[in-house]
Amino acid sequence: MGRKLLLEKAHVEGIRSFEVYRREGGYRSVEKALKTMSPEEIVEEVKKSGLRGRGGAGFPAGMKWSFIAKPEGVPRHLVCNADESEPGTFKDRYLMEFIPHLLIEGLIVSSFALGSNATYIYIRGEYAWIPDILEEAIAEAKANGFLGKNILGTGFDCEIYVQRGAGAYICGEETALIESLEGKRGNPRIKPPFPAIKGVWGRPTVVNNVETLASVVPIINEGGEEYAKIGVGKSTGTKLISACGNINKPGVFEIDMTISVEEFIYSDEYCGGIANGKRLKACIPGGSSVPILPANLMLKTAKGETRYMNYESLSDGGFATGSMMGSGGFIVLDEDQCVVRNTYSLARFYRHESCGQCSPCREGTGWMEKLLYRLEKGEGKSSDIDLLWDIQRKIEGNTICPLGDAAAWPVAAAIRHFRDEFEWHVSHAAEAQTRNFGLAHYSDPIHVPA
Amino acid sequence: MVQFSEAQMAKVNQIIARYPEGKQKSALLPLLHLAQDSFGGWLSAETMDYVAELLQITPIEVYEVATFYSMYNTKPVGKYLFEVCQTGPCMLNGSDNIIDYIGKTLGIKPGETTTDGLFTLKTVECLGACGYAPMMQLGKHYREHLTKEKVDAIIAECRSAAAANN
Amino acid sequence: MSDTTLFKVTIDNISIDVPAGTTILNAARMIGGDVAPPAMCYYSKLEGSGGKCRTCLVEVSKGSEKDPRPMPKLVASCRTTVMDGMEVKNITSPKVVDARAGVVEFLLLNHPLDCPICDQAGECHLQDLSYEHGKEGTRYEFQRRTFKKHDLGKYIQLHMTRCILCYRCVFAADQLTGKREHGILDRGDHSEIATMIEKNLQNDFIGNVIDVCPVGALTDKTFRFKNRVWFLKPMNAHRDCPTCSGKVTLWNRGEEVFRVTARKDQWGEVEDWICNECRFEKKQSSDWTIEGPRLIDRHSVISQGHYAGTVGTHMPTETIEAVLNGRKPKLLMDIHEVSEVNRPKIELSKINGPAHSNNFNPDND
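Protein chains in written order, with the numbering used here: chain A, 1 to 450; chain B, 1001 to 1166; chain C, 2001 to 2365.
In short, the hints are calculated from the structure, not lab data.
Take the hints with a grain of salt, since some may be wrong.
[As the list claims (entries may be wrong)] Under the rule of at most 25 Å between Cα atoms (straight-line distance), these lysine-lysine pairs were calculated in the DSS-like manner:
1. A:184 x B:1140
2. C:2179 x A:184
3. B:1075 x C:2199
Just so we're clear, the structure is a prediction, and the values are computed from it rather than from any experiment.
Produce the entire structure from the sequences given, and follow the hints as far as they go.
Given below as structure tokens:
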């Protein structure tokens, strides 16, 4: 069993309260950081840890922190991105619900490192009950001198505020989040300037994911080098994976990124195998935006090597035969699932969530949805498949923000790996309405289609 | 006329105080939530104009934001709003059947409200409960692992709560 | 870095030195011609505009002298500033041409092809763009998007179906009127320009949204269905206006003023904003001091019909003798003698309305 750094204490009775959390060793990192370290040393420690952003892009967190501009007399802000909206991802919710003080602790240390005296948690509006939990934790931390003015007598002031969104996936994109925090429509900004230079209210800002900021706690407690020893390669530390779909044990798991995909899916410690004794058809390993992979490529790379649950191994083979770690939303499809239908459902999601600001995404997502709907209903043409391919290609990379890519990749990967299933929906239109295409060759972990 | 109570105004001022001087527009999203909860579960033009006045911004700035975010209702909704997720992972676990079932039981299609004004059925995209699918949001909380039986129980619960309030 | 620092940028193999802080698009416009990427949303006079339509995407094949790495994605040239030594490919990049064709297709996807009844036809940037960068036909086989009608008052006609969501009118209202009353409502492919509650747009300068609109989404109600722009003669004119500069372009047919617009430069951008009174209420020639014909220096339909343009409308200044190096040209025949139509006595500009064969009939002399 792998080490747990974040969720180890998540199920201790009463851990939501400051008292229990503190008794279990909570807030030690605040004491250590504020009393014995300089902000630069903290940034250095996070750099050493190799921590990569847990929101989806996997950008090294310490590096991101070091980019923040420090103009004289201009306040800086840390913003915690709790706008978890990527289909398949519900890990941040779990962390905030069960062990809210861990996030608050991470936020205090990170705010100190970045020089943020007013830190904001931007949480998706639908998580309507969680702000109460967080605000309670903030109030307790404040009452105990870990927040507010002159924290622990160090002279550092910090307030944390919770801001609720109101239903927009796009606000998970950091500049859209900033716009939303400013009380505007969640239209992503055109970069540059990056938030580190000009963020919220034009001030230097760092936006980090919940899990990233919570991970700062063990990094400070154990030291960056110790943290980096966990995991493998550039996938250091532990990662929260939210697993869902057709598995026996959906839920949130903390893994140390050395386990194989096969173990993750089939071991009782994690997903517990495919539900109802069925066979694995495909996986979307990192939230709905990342490429879907058929079972064979999911369990083994194109080279025939075991695929592991870490950044490098999941992306082995690039987009041709690999996928991405993404946000850690692990979606499993069993043999009874229809890839065309699943792709349609995701395309509908992206059309619904496109902000409408730039033309390729605004128009392209709706077009893809309509074509996929037609294909799924057995009313499509085989040329629709090529058309879909062309549309996604013209969206990808040509939009203001990554939502365009996120909408394009699932369609591209579905066609790349499951083209025969799409074609079957055209050639066997009536039959496709009554039964599923099934597994075909995807269950064979050794055979890799050319 | 829409008007926050004194207690609500204290909350409003507390929210505005979270932001730097002159950046009170940042309070728009929280204030719209508060207004929607306080004034009938939806945002009328009158409500939005009121919020604009509170924040000293133009009404159009409020309309733009209110129509952008899916949680703000710019039309009246039923007393109980069933927001059922239909995205990928929920779909894999049979959300379509749940949506159909709720629709049939209540006699409405997604987007419609029952004639007694009690229920509105709305399909929504991913709410972040993929591991507990199928699910829906009802008010502040999620109802997860939905089955037909659970849906029946939720509807009955709403009906009796409504009856008790009358 | 002082403002006078010059950066050398090479666009489509043509180099130019521009002040630091200049965008790629503006550098390209300084070079001019086909090197300048098309822009549907960017408007140099509107702060914050640009970046949205994606028609001006270019490839940066060399980031700068210091960091020569190419940029991984195509960038919006209107919002990317040049670096010293930067190399940019616009029409010389197959990637750009391909992406731009894609963007044009996306922009046209839900755009009604109602050009025959659209007042913008002839001066529509989307028409120009599709003609230059688009493809024939559409691959879209679904119903096009429509919207509920909104009334913006007696001056401005809104056709939301034609809107490409460039946001220019929003920036214009923000920056010219002080109190914006219309905006972008809803999200994604259902975003629309509206006032939410039916409201007339009232502000002395709101009429300028018509001029900044690249398509026929916002048109002049006082000119609606009155005439085709290419039948009209643009004339520079001015009046002593208490509200604005009073410098306008009149669009005449004969003596009749059909419409008044601001003067637009070669990129289709307004030179001086004008007020509603000048635009909508001054439709008599006597209201104006006419300066002379307006040069429409764009390769648009309008310029084809009228004055000096960039394509085929330049009159050579040299005499034939000069061109032939002193040799006398041999006149085979005088066109005016053999053709009924080319009658030198008839001055086209003095004919009321479009010329008709009757005008050239010698019996009518």
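Hint-by-hint comparison with the structure:
| no. | hint | result |
| --- | --- | --- |
| 1 | A:184 x B:1140 | holds, 23 Å |
| 2 | C:2179 x A:184 | holds, 16 Å |
| 3 | B:1075 x C:2199 | holds, 19 Å |
Going through the hint list in order, the structure satisfies each hint without exception.
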